[in-house]
Amino acid sequence: MSTQTFWILLLLGGLGTFAWRASFLGPAHGEVSPLVRRVLRLVPASALAALVAPSVLTTAADGAAWIRPVAAVAAILVARWSRSILATIVAGMVVLWVALGLT
Amino acid sequence: MTKSLEDGLNKNRRASLLHGARDMVPILPGMAPFGLLAGATALTAGLDAWQAQALSLVWLAGAAQLAAIDLVAQETAWPVILLTVLVINLRFLMYSAVLAPMFARSRLAARLGLASLVTDQGFALVVAREREGMTTDSLRWYYLGSGAAIWVTWQLSTLLGSQVGALIPAAWQLDFSVPLVFLALLVPLLTDRPSLVTAAVAAAVAVAGRGLPSNLGLMLGVAVGIAAGLVVEQLRETRDEGTAS
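These protein sequences, in sequence, are chains Y and E.
Take 21 as the starting number for the first sequence in my numbering and just add one per residue.
Take 2 as the starting number for the second sequence in my numbering and just add one per residue.
Worth double-checking, as some hints may not be accurate.
What the hints assert, rightly or not - Short derived list, chain E residues pointing at chain Y, Cβ under 10 Å:
#1 Leu56
#2 Trp152
#3 Val153
#4 Ala204
To be verified - Footprint (simulated), chain Y over chain E, 3 or more residues, beta carbon under 8 Å:
#5 107-120
#6 192-200
None of these hints come from the bench; they were simulated from the model.
Using N, Cα and C, we set each Cβ at its ideal position, and we do this for glycine too.
Isolated chain Y, as found in the complex:
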């Protein structure tokens, strides 16, 4: 990514993020409609799943195609059990490294 593109992205992303944060705390007041509320509730699950799935299934530069999916499954199980971000990262990375070492 060129430096100029990066700064444009940084600025617009910052403005947009502040617009969300200030949306109701700023001058405007009002209520969130029930439909908007429903959509917003589903946004995080949708966005995170759409981000994760392709990166997990895309093979890394080196290593077998099954390694990242297997490490991701291990991470999901640990996430369910521990509810800890740190434990999930550690579990996924350890499985990845062990599998990379074995193959």
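Take the given structure of chain Y and dock chain E to it, following the hints.
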């Protein structure tokens, strides 16, 4: 206002400020690795340490920063990255709506200042305190204290990550930690059928649309996933109404 009353008020405010910062302490160790990654993975994506820090300073939004870094690494077109960031941060609009009544009596400048500190962790804490009956004036300072603690931790952990990240060998595939963070955030959200369907459909569409230009499959996945979740919700309501009558 008399001098002693003013002193008492200032004392109360300082106490609330410290209270907010103190309550954040047990949460900060969980945030720090997240910040370290926002610094370290920026380097593997081809950004420099300044750019990593600029993201933390201007956005103060971990999930969005990691997503942007991930997409930069995949050479995604910037409008798609921007759209993704805005979608991920949409939850702040929800938080803003909940916080607005709490701070309704503050001046506009103060409200905008508080708005710039809206985060997941700060929001969760201040909502819990309000339910416990903390007064509006105390809540404001409490929120400022917890927000400041988050801000400092986030900046320092990003800085440390971008300095240490340069030393981490590429063979460790540190970039994989980004989807792992997202999995850790995603799993607790999947508590009912509509969210499960949303996530499954979003994932499937995003994978199927992988070949589309400029990573458009991602946006398509998000949109179709939400639509599917809404349909499931609607079906469930209709069914519940059917059994009720």
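Here is how each hint holds up against the structure:
1. Leu56: 6 Å, holds
2. Trp152: At about 13 Å, which exceeds the 10 Å cut-off, the nearest Cβ of chain Y leaves the hint on tryptophan 152 of chain E violated.
3. Val153: Result: violated, 19 Å to nearest chain Y Cβ.
4. Ala204: Constraint on alanine 204 of chain E satisfied, holds at 4 Å.
5. 107-120: Holds: 7 residues of the stretch 107-120 of chain E have a Cβ under 8 Å from chain Y.
6. 192-200: Per the Cβ count (4), the hint holds.
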